[in-house]
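Visitor: Going line by line, the protein sequences match chains A and B.
Reminder that position 345 of the first sequence reads as 345 in the numbering used here, one-by-one numbering, no gaps.
Reminder that position 255 of the second sequence reads as 255 in the numbering used here, one-by-one numbering, no gaps.
Just so you know, the hints here were simulated from the structure itself, not pulled from any lab data.
One or more of the hints may lead you astray.
All copies of an identical chain are treated as equivalent in the list; a pair is satisfied when it fits inside any one copy or across any two copies.
Said to hold, decoys possible - Keeping only pairs whose Cα atoms sit at most 27 Å apart, straight-line, the calculated DSSO-like set for lysine-lysine is:
#1 Lys76 with Lys148
#2 Lys176 with Lys361
#3 Lys112 with Lys361
#4 Lys71 with Lys94
#5 Lys94 with Lys112
#6 Lys123 with Lys227
#7 Lys148 with Lys94
#8 Lys131 with Lys83
#9 Lys263 with Lys71
#10 Lys76 with Lys176
#11 Lys176 with Lys263
#12 Lys263 with Lys291
#13 Lys291 with Lys94
#14 Lys227 with Lys250
2 protein chains.
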Amino acid sequence: MASALSDCSSRATARLLPFQRSVQSRVSQFQRSVSIAWNPLGMNAIRSAASPHWSSSAVAPVAMTTETSAKVIDGKSVAKQIKDEIAGEILRMKDGTGIVPGLAVILVGSRKDSQTYVRNKKKACEAVGIKSYEANLPEDSTEEDVLKHIARFNDDPSVHGILVQLPLPRHMNEEKILNAVSIEKDVDGFHPLNIGRLAMQGRDPLFVPCTPKGCMELLHRYGVEIKGKRAVVIGRSNIVGMPAALLLQKANATISMVHSYTKNPEEITRQADIIISAAGVANLVRGSWIKPGAVVIDVGINPIDDAESPRGYRLVGDVCYEEVCTVASAITPVPGGVGPMTIAMLLSNTLSSAKRIHNFK
Amino acid sequence: MASALSDCSSRATARLLPFQRSVQSRVSQFQRSVSIAWNPLGMNAIRSAASPHWSSSAVAPVAMTTETSAKVIDGKSVAKQIKDEIAGEILRMKDGTGIVPGLAVILVGSRKDSQTYVRNKKKACEAVGIKSYEANLPEDSTEEDVLKHIARFNDDPSVHGILVQLPLPRHMNEEKILNAVSIEKDVDGFHPLNIGRLAMQGRDPLFVPCTPKGCMELLHRYGVEIKGKRAVVIGRSNIVGMPAALLLQKANATISMVHSYTKNPEEITRQADIIISAAGVANLVRGSWIKPGAVVIDVGINPIDDAESPRGYRLVGDVCYEEVCTVASAITPVPGGVGPMTIAMLLSNTLSSAKRIHNFK
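Just chain A, with the same shape it has in the complex (with noise of 0.2 Å):
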């Protein structure tokens, strides 16, 4: 598929940052509201006004074949409201019961980003009212030490859910430390029980990973209709291409599964009502890719070198933003799509499982 990616990298850098997107936001509402004809050349004029690090002669000139927008689906703003039904439900819960969710992270090293996720879905637990331990072992620990934490969370009735960050160093066995968290407690939904039971109908898992779940909840929030649907999901990993099919397929989607060997990707997504791209390569999806009207779930978070940001990189999706805007009839950006939903689903996973554990209703 790495042929497909050719030049939409070039004009990705015309993606909107987080705080242009209420820009665009508003100019498309308007647009559609009034039924005028979109120029996406005009939108980067806005876009261009609204951000010191856009530079417009990155951006070529890209042939339109038609000139409306998609909806974009703004995961950010469903996520704080999805946050906020959590923060209510777990103030109901203490309140009827005494009891406060809470959610074990074991980081294993010193990474950068791993300390950075772990820092932020500590701060989104307390946001909520989640109560967070934390278990911080230095690079050279044994399985041994790790499944003494694990253990001692999976015994801890405070402890509702219970997170491994990933990666864990090489000479850990990923798949027998995973298998040691208590299945009631493994709120990544990840352990094979859980993905067995959403594959399987009339079964229901404990746990819904979350990623997946987030993309499902957005097309839910946005009224987007399943049953029935011709459903692509692009990637197959076990923590979201995967689960994202059996999700689709449970909800009664007629699904397909995209991935490296697939010898036409563009002709089968074509065929796509809902598109669920989780490759984790850049720009994979193009507008030729999409069948007009279709809605577009861009799991892809790809780090890509810009010269123009502070930091080197930027952050862009599978999907060639531009082009796809004008095809499909909704889509969610990168970033402020599925990312923000995907740490809304922990917490979401997390209350579920103290409610389970404790029957609170």
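Dock chain B against the given chain A, drawing on the hints supplied.
Guide: This is chain B only, laid out in the frame that chain A set:
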């Protein structure tokens, strides 16, 4: 999908009976070897001569667009070959360790069809050297009675596989009973932990469910390439359709799943290089559903009325054989296709289990 039934059923009276298949096989072998176009009506005449039940008046003329014929995937003969291989392995194991694999079957009630299945399984075990164990419980047994027998077989070191014959009486909780079977002896492969491992990359189930495993074995033994091919699975039951899709996907096919909510099953199926149909609807899949050259595995075993048969009915597949065999490159007949493979795979799973438990390579 019901509308697709139309009148193929009436033509299906030309379906092969087991003893006819050898005739057809020889004929089509001949026709392929001398590259003569094959007229299926001519074949029907040959069938007619070989079958006292066949009535030519029931066969409507079929409009043919191509006049080639699919290779018949002979499940009966492949199953025999596999059973011979298993018998050889069991002898080797017995010689090496003194241990013989054991399969326990639990039958509750006195359904005629279940009794027949259990008797056939027992006979198949005896034929390859697997020791059979049985528990026959009356219809009005309690769940606890059944669970007690499962526990006994779980603990019995001479039992390596446990089957609970389905359906269970209505007053029993099937999920609870199936979950009681030790995962190490779940030769049916229906435990959600097995299904989860089947779905996940980098994980392997202890046992693959017998019928989909049989489908894959047929594809392998007939040299059908799977990697990179489009595969469509029709039907999504926990015991066939869903695990078949997961197996095809693990073998790097690009899978789509068609089911009762699918709006255009014909259009999607026509894209497939490989089709596994497990819908349980007689003659659902017509010739027009098939891409020329596709390989078709028909899991359906559907009884339809047949005044000509001494039993008053006969068994047909999901696939309208007469139409599809003129379009596909290879096809399984019903009966004699997937059916015999299911029991061969059960024996194979029991042997694998005994080898694993006793660490015999």
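Visitor: Treating 27 Å as the Cα threshold, decide for lysine 176 and lysine 361: within, between, both or neither.
Guide: between (33 Å within a copy, 24 Å between copies)
Visitor: With identical chains, the pair lysine 123 and lysine 227 could be close in the same copy or across copies; at 27 Å between alpha carbons, which is it: within, between, both, or neither?
Guide: For lysine 123 and lysine 227, the Cα distance exceeds 27 Å both inside one copy (36 Å) and across copies (45 Å).
Visitor: Pop the pair lysine 227 and lysine 250 into one bin, within, between, both or neither, using alpha-carbon distances up to 27 Å.
Guide: both (9 Å within a copy, 26 Å between copies)
Visitor: If the cutoff is 27 Å on CA atoms, where do lysine 291 and lysine 94 land: within, between, both or neither? Let me know, please.
Guide: Neither. Shortest intra-copy (48 Å) and inter-copy (60 Å) distances fail the 27 Å Cα cut-off.
Visitor: Is it within, between, both or neither when you check lysine 112 against lysine 361 at 27 Å Cα-Cα?
Guide: neither (39 Å within a copy, 45 Å between copies)
Visitor: 27 Å Cα cut-off: does lysine 176 pair with lysine 263 within a copy, between copies, both or neither?
Guide: Classified as neither: same-chain Cα gap 35 Å, cross-chain 42 Å, threshold 27 Å.
Visitor: At most 27 Å between CA atoms: does that hold for lysine 94 and lysine 112 within a copy, between copies, both, or neither?
Guide: neither (34 Å within a copy, 57 Å between copies)
Visitor: Regarding lysine 263 and lysine 291, is the shortest C-alpha distance of 27 Å or less found within a copy, between copies, in both, or in neither?
Guide: Cα proximity of lysine 263 and lysine 291: in one copy and across copies (18 Å, 17 Å).
Visitor: Between copies, within a copy, both or neither: which fits lysine 71 and lysine 94 at Cα up to 27 Å?
Guide: Answer is neither: 38 Å inside a copy and 67 Å across each miss the 27 Å cutoff.
Visitor: First find the shortest C-alpha distance between lysine 76 and lysine 176 inside one copy, then the shortest across copies, and answer within, between, both or neither for a cut-off of 27 Å.
Guide: For lysine 76 and lysine 176, the Cα distance exceeds 27 Å both inside one copy (34 Å) and across copies (41 Å).
Visitor: First find the shortest C-alpha distance between lysine 263 and lysine 71 inside one copy, then the shortest across copies, and answer within, between, both or neither for a cut-off of 27 Å.
Guide: Close across copies (26 Å), not inside one copy (30 Å); limit 27 Å.
Visitor: When no copy is named, should lysine 131 and lysine 83 be tagged within, between, both, or neither for a Cα gap of at most 27 Å?
Guide: Within. Shortest intra-copy distance 15 Å satisfies the 27 Å Cα cut-off; inter-copy 58 Å does not.
Consistency with the previously given hints fails for numbers 1, 3, 4, 5, 6, 7, 10, 11 and 13, ordered from lowest to highest.
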